[in-house]
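Engineer: Residue-level listing of the chains:
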Amino acid sequence: MHISEGVLSPGVLMVGGIFTLGGLFWGLKIIKTEDLPKIAVLSSTFFVASLIHIPIGPTSAHLILNGLVGILLGWAAFPAIFLGLIFQALLFQFGGFTTLGVNTFAMAFPAVISYYLFSLFKRHSKLLFLGAFLGGAQAIILGTIFISIALLETEKSFLSMVTALLTTHFPIAIIEGIITGLVVSYLKKVKPEVLK
Amino acid sequence: MKVWLNFLLIFFVFSSLVLAHKVNLLVNRQKEVITGESYFADGSPCKKCEIKVYDSKGVKIAETKTDEWGKFILSLSEKGELKIVVEAGEGHRAEQKIKALVSEKFSEKREEKVKEKRENFEENQLIKQTVEDTIDSKLQNLKTELLLEIKKEMNKIYLKDIIGGIGYIFGIWGIIAILKNRKKVHT
Numbered sequence: 001m002h003i004s005e006g007v008l009s010p011g012v013l014m015v016g017g018i019f020t021l022g023g024l025f026w027g028l029k030i031i032k033t034e035d036l037p038k039i040a041v042l043s044s045t046f047f048v049a050s051l052i053h054i055p056i057g058p059t060s061a062h063l064i065l066n067g068l069v070g071i072l073l074g075w076a077a078f079p080a081i082f083l084g085l086i087f088q089a090l091l092f093q094f095g096g097f098t099t100l101g102v103n104t105f106a107m108a109f110p111a112v113i114s115y116y117l118f119s120l121f122k123r124h125s126k127l128l129f130l131g132a133f134l135g136g137a138q139a140i141i142l143g144t145i146f147i148s149i150a151l152l153e154t155e156k157s158f159l160s161m162v163t164a165l166l167t168t169h170f171p172i173a174i175i176e177g178i179i180t181g182l183v184v185s186y187l188k189k190v191k192p193e194v195l196k
Numbered sequence: 001m002k003v004w005l006n007f008l009l010i011f012f013v014f015s016s017l018v019l020a021h022k023v024n025l026l027v028n029r030q031k032e033v034i035t036g037e038s039y040f041a042d043g044s045p046c047k048k049c050e051i052k053v054y055d056s057k058g059v060k061i062a063e064t065k066t067d068e069w070g071k072f073i074l075s076l077s078e079k080g081e082l083k084i085v086v087e088a089g090e091g092h093r094a095e096q097k098i099k100a101l102v103s104e105k106f107s108e109k110r111e112e113k114v115k116e117k118r119e120n121f122e123e124n125q126l127i128k129q130t131v132e133d134t135i136d137s138k139l140q141n142l143k144t145e146l147l148l149e150i151k152k153e154m155n156k157i158y159l160k161d162i163i164g165g166i167g168y169i170f171g172i173w174g175i176i177a178i179l180k181n182r183k184k185v186h187t
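Read top to bottom, the protein sequences are chains Y and L. Residues in the first sequence are numbered from 1 upward in steps of one, following our numbering. Residues in the second sequence are numbered from 1 upward in steps of one, following our numbering.
These are computed hints drawn from the structure, not numbers from a lab. Predicted, not measured: the structure shown is a model, and the values here were computed from it. Hints may be right or wrong, so weigh each one.
Partial list, derived from the structure: chain L residues whose beta carbon lies under 10 Å from chain Y [stated by the list, open to error]: (1) Phe72; (2) Leu101; (3) Ile157; (4) Gly167; (5) Ile169; (6) Gly171; (7) Ala177.
For each residue, glycine too, the CB sits at the ideal point set by N, CA and C.
Given the sequences, and given the hints that come with them, work out the whole structure.
Structural biologist: As structure tokens, this is what we get:
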């Protein structure tokens, strides 16, 4: 789910850029120094996740893991994902620099939603896995919807594109939900303070 | 935590049989025939993708689709500079410019010269010329094939890029940590 250069109009790019700047500002403001190693690890996790491909029918889609990043980082997901996307564009030519704003917002905002969604569940240890699963899956679905909205004026038929994107990313959403659930339950056991 | 982090990093680095969704486009022009190939970063072909051809003024002059192997062939009378765009849908897009055909006149002149030569010179000269021409055209084909292969190699993702990227990310967060700490010390 990386939008390439030259697909979107300047207006859409501007709106995405402004939203992302807001998220970056707020994310960097509330970061605590002791959280920085955690953010760095998740930033690079996001950076490499896009290289893991899962074949689905005729096409394939890659992992994104923005839900996991969001659950563990909250608003700091914005700078973490932004940095991951910069290096994906720089080293792998995924996406591009002009679309950085739109791509960051479409990945990081759902991540922040995942954070709040998970915080509803995290007090009940029995519902922990379910909360993380929903957070991980939700981030993909919402991200897909944001990407579709950004492509609204470029693609001919909005509905057919949304259904195409959702059908390829629905299995990814399930897989990421499970991965997020497993990672979060494991962290709860070995290092519960990460989930505070 | 440490063990988990190490595990995670190792898992991500080595399971990355490096596939992703960036679309690449390679084009080649030989006189009026334009051939090209479109493929994703993992080398899989971009099947049935839309190919659009624009002239130097940005007007669309031709349109086609790639075949099962991601290849296409177009025959165009346009001699100026062209821009070829591939659209793989879902926001994936790549473009390539190809230079105008300037060598056309030159090669025509050369052919005329060759004709003159053929009439005037002895037979062995003629044979020599023919052999040279044949070798030239063969070499030209080989060169374009090699160029395509090299370009494909360059578009691949290597382990050094992945590890380098992780290093950069850690480095940048390290700088942010230093800056944050400095602020703390000041206050």
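Engineer: Each hint: holds or not?
Structural biologist: Here is how each hint holds up against the structure:
1. Interface restraint check: Phe72 (chain L) against chain Y, minimum CB-CB distance 19 Å, threshold 10 Å, status violated.
2. About 25 Å separates the beta-carbon of Leu101 (chain L) from the nearest beta-carbon of chain Y, more than 10 Å, and the hint is not met.
3. For Ile157 (chain L), the shortest C-beta to C-beta distance to chain Y is roughly 5 Å, which falls under 10 Å, so the interface hint holds.
4. Given hint, Gly167 (chain L) at the interface with chain Y, holds; its Cβ is 9 Å from that chain's nearest Cβ, closer than 10 Å.
5. Taken as an interface hint, Ile169 (chain L) checks out: its beta carbon lies about 5 Å from the nearest beta carbon of chain Y, inside 10 Å.
6. Look at Gly171 (chain L): its Cβ gets to within about 9 Å of chain Y, closer than 10 Å, so that hint holds up.
7. Contact between Ala177 (chain L) and chain Y, as hinted, is supported at the beta carbon level, the nearest pair being about 4 Å apart and thus within 10 Å.
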